[in-house]
Amino acid sequence: MDEDEARRQGKDANNIAEGFRISGLGQLIEAGVESDRLVTFGA
Amino acid sequence: MAKRFMYMNTKAPYGTVYALESLEVVLIGAAFEQDVSVAFIGDGVYQLAKGQDTKGIGMKNFSPTYAALGDYDVNKIYVEKESLEERGLTLDDLQHLVWEDEDEDWAEKDSIRLVSRSELADVIDDQDVVLSF
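Residue numbers (this note's numbering), protein chains in the order written: chain E, 1 to 43; chain R, 1 to 133.
Chain E with its partners taken away, still in its complex shape (with noise of 0.2 angstroms):
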């Protein structure tokens, strides 16, 4: 949970490893768009 879905929730604390960021479909597109090398796990 990041700082913002943890206010959304009424959390005091959030939990995500700094650097990372929780976002969507879109994202991931853009992502590869825009990156030379876009590398995914666990698939």
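Please keep in mind that the hints were generated in silico from the structure rather than gathered at the bench.
Heads up, some of the hints might be wrong.
Said to hold, decoys possible - With a Cα cut of at most 20 angstroms, we get these calculated EDC-like pairs of lysine to aspartate or glutamate:
#	chain 1	residue 1	chain 2	residue 2
1	R	Lys76	R	Glu108
2	R	Lys3	E	Glu5
3	R	Lys11	R	Glu108
4	R	Lys3	E	Glu34
5	R	Lys3	R	Asp122
6	R	Lys3	E	Asp2
7	R	Lys50	R	Asp93
8	R	Lys109	R	Asp93
9	R	Lys60	R	Glu82
Given the coordinates of chain E, work out where chain R should sit on it, guided by the hints.
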């Protein structure tokens, strides 16, 4: 310039969420006007199987959605020949997916390209981004 995106489907349609998630990414990705290909290998070929009936497993049968890919200009759909053969399937067991070619008076054309494992390797080699599911 548009990049070449390939969505690689490797898993059976139900039992995991991969197939449905992949389809969702493909449809969202289509809005980005990139050069899109979709590939089906291994158990992924079952995703395109005709006549899917999911009543027994209480899941929604989302396979009719594949027919919409052509409307989203997703018309390069690669199916690996060996994967079909290993499962005793032929193209006739899969949905007939088509798209309409604007440049040829909307002529209806086949979207599925049956390719060998080594041909598919060459196609993958030509991609900028490959996302596997």
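Item checked: Structure versus earlier hints, numbers of those that do not hold, lowest first -> 2, 3, 6 and 9
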